[in-house]
Structures are given as structure tokens and as C-alpha cells.
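From first to last, the protein sequence lines are chains H and V.
Take the first sequence: its position 81, counted from the start at 1, is 539 in our numbering, and no numbers get skipped.
Take the second sequence: its position 33, counted from the start at 1, is 64 in our numbering, and no numbers get skipped.
Worth double-checking, as some hints may not be accurate.
Derived list of chain V stretches under chain H, where covered just means 3 residues or more per stretch with a C-beta under 8 Å from a C-beta of chain H [what the hints assert, rightly or not]:
#	stretch
1	60-74
2	90-97
3	147-161
Partner residues are not named here, just some residues of chain H that face chain V (Cβ under 10 Å, in silico) [unchecked claim]:
#	residue
4	Leu614
5	Ala705
6	Asp707
Note that these hints are calculated values from the structure, not bench results.
The beta-carbon is built from N, C-alpha and C at its ideal position, and this holds for glycine as well.
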Amino acid sequence: MRRLGAAFLAAISTLLIAAGPILACGGLIGPNGAVNLLRTTTFVGYHEGIEHYVTAFQFAGGEGAFGSLIPLPGVPTDVVKGGDWTLQRLVLETEPLGRSAVFAAAAEDAAGEAQVLMKKRIDALDITVLRGGAAEVGLWAKNHGFRLPPDAPEVLRFYAERSPIFLAAAFDADAALERGQAIGDGTPIHITIPTPSPWVPLRILALGRTGEERVEADVYMLTDRTPTVLPGYGERTGLFLDHSAPASDALLADLRSDRDMEWIPEVGWLTKVRIDAAAVDLRFDMAIDASGQGAPSRVAAGLEPLPFMGIASDTVLGLALVGLIVAQLVWFARLLTTRSRIALA
Amino acid sequence: MRRGLLAGALAVAMFASPAAGCAGSTDRVEIVLRNSHFDRTAIAVAAGRPVTIVLRNEDPIDHEWIVGDEAVHERHRTGTEPLHGERPTEVSVPALETLMTIVTFDETGTLRFVCHLPGHEAYGMTGVLTVVG
């Protein structure tokens, strides 16, 4: 554990034990309708034109396979297992231990299938990076056992029109059990994406949710300069600025000591944005200008349509996402799929 | 509204082009299924005449088009067969496919058409079909 002392480990343990499955911002619906996989706190680091997106999926029980579809702003150069303590350490930086519940969930046309750009296995997660439009990615998901909620076509189009890159994560619950993963164990993933500006997809968090159902999530950002964000903060948007300050040396050192986190710079600005919005209102993404010019893209935020259609997404937005979106999908084992459809059709 | 439904010729098949079908011999209605909504939510058809319903699913997910009275919809909400196709008034439309069905509605009245896949009705995938004399 290198730089992390026993006290920190004890604190983390306490945090995880105290945490409950609260942040269900990317919950997946299992065969019995229960939420089996939850998206957790995420971290977006941006330094020297590279966005590092770290999130974790928590196994909340169940059988079979479940999945998540994540739109990306560009083609990632790598997807690896995330560090062991990055997310937990960020929570400690901004939340007193007594409020540990914050970390609760941590723990169109006829189309062919999408093009598979990358495949990786990370613990019980099968990661596939795809290039394709909404129809192609949707078809790929369908053919690979994902079951998309009714709002998926519109949401996939919302993203694919700007960036045709998606990351599908299929979680094999049976394999997780065989690996000894207990309910509540998280599997962090770390996506590295070159991009001119950081970006965090938010609308995807509302996928599968209706009306006033709440979407809650925490996004930590580490940037070289104080970031400017669109849309703004407040009740109107459901985005709340919980923390904005220079990152402490201790935090940077702890993050840098985690697996594949040596890129963490010597100085940086730490921002924590809390998302607490009704699903019906969350129809935008988080566009970030980390250059110091204070001009995040309205197109990147989804507040304006693309000025030109058909331009390669990597350049289109002048933004480049990073990110990750979490979509709520259901990955049914074939047997379970059949059984479910019989019950629900 | 069972009336007349069994009299309609079942013809659920791949629909090659918009120009194909039975133009001239039947009334024809095309409904586009996109973003989990029907593009036409109010349709009027004539009683006693076969009407060709073309269902064009532009979504990458499956949908259904089930037309009937409230009793029909209540039955589908609680579950019937997983795939439809044996009745001209109950059609499963796979992702990115176009199907057609021919139905004769013998009695005037108001029916609803709904996609009963999980969550789709609540999402707004409904419409009204009026049979006029």
C-alpha cells in the first residue's frame, strides 16, 4: 500500500462497511426487476490533453450477467483496472468520515453491428469498446444480451450524433461469485482518452428512469486550472458545487501512488460536483473548460445541436469527452431473458 | 373489440418498400416507431374495410403494436406470449425492421394501440385508433 498508512486503511474500511447502496445513478435492472449493479462515484482527471476516467461498479447480488453501456467522446487508448483506493481517497478529501454515506454505492436505418475497437477482461467485467451510430450500437447490445430501456434509442442518438464511441461493460455475476467477490465489492475501471477538453456525460445517468425519479451521483475532477462548467450550478440544473480548491499535496501523493496513477501532476485543482436531479430534467451533459479561458462548449453540454453533421466526432465537439456514461441496461442470460419476456409481454 | 379482427387476413411479413403492399385495395396507414413513441398517435380507419398497417421500427430495440380495448391491454400488461404474430392486431416489431399487418375492424368505436414491452407504455408508447362508419 506504499504511502497509505494503517490509519487510512482503517478509515477506508470503515467507510466501506458503513456505506449502503445509495448512489444508484447507473443501476441496472436484473431479471427480477431488482437493481443488481450500481454505478458509483467517478473521478475525471485531465492533464496534458489526456482524460482519465475512473469509476467502479458494485456487485449488489444476483445471478447471470448484467451490463452497462458507456458512451465515450473518443477512442480510448487503454482501459485497465482502476486503482485500489483512488475513489475512496477522494471521498475522504471532501467528506468527513461521519458522513460516509456519500460513498454508499461505491463500493436508424438498417444497420449492421457496431465495430469492435477493443476488448478487455477486468475481473468479472467484460469490456468492449464500440464504434457505431445509435442503431448499430443498439443492435450490438441487443445481439449480445443487453436489454435496453425504452428511452435508450433517444439517449443513444443524443450521444451518437456527437461521438460514435461507446464502452459496454458486461458484469458476470456468476464469475464474480466464483472469484469470491462479495456483495458490495466494487470493480474499478480506468479509461484513458486523449481529448482537447474534458467532458462528463450526465444524461445517460437518467437512462431507464422516469419523471421525478432522482438521479444522484458524485463527480470528482482534477484539472490543472480551475474549471468552468456548463450547465451552471444550482437547483435549476441539479448540479451542486460541493468542493472547489487546490488539491492538497497529500491527496495528490496518495492518488499518484495508486495503480496506473503516476500521471497525477504535482499541482492541480480539485472539484467535486454533486448531481441531484429529477430524471426528467437531466437532459444535458457536463462540458468543462479546463484551459482557464472559461468557455465550455454548449454543444458538448448538449444545449445546442451540432453545427455540422457528419464530421468525425473526435473533432466535432472540440470537446472530447471523456467520459463515461452509465447507461442502465439489462444483461439477461438467455434463459432469463426468455423467462422475463414471457412474464412481461 | 374482437369484432372483425379474426376476419382480417393475417399478413405479417417483411415489407420491402413503402410502395409495396395493397394500395388500391385497402386503406393503408404507416406508423413509424422511433424513440419509443408512435409518430402517429391518432388514426381513423373505416369499419368493414381491410386496412394495411405498416409498422416501421427505426429503433435499435424491439417494440410491439397491440390494438384493442382496455380488456386486451390489461391482459397484455400482466403477460401473454413473449412474441406476437398470430393475431393481426398483435404484432411484435423487431429492432430496425418493418412489418405489416392487415386488419378489418367491423364495428365502430375507439381502440388504443400500445407497446406492452416493459416500461414502454409508461414511457408514452400509445395511440388511439378510431373506427368510423
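Of all the hints numbered above, which does this structure not satisfy? Sort the numbers upward.
5 and 6
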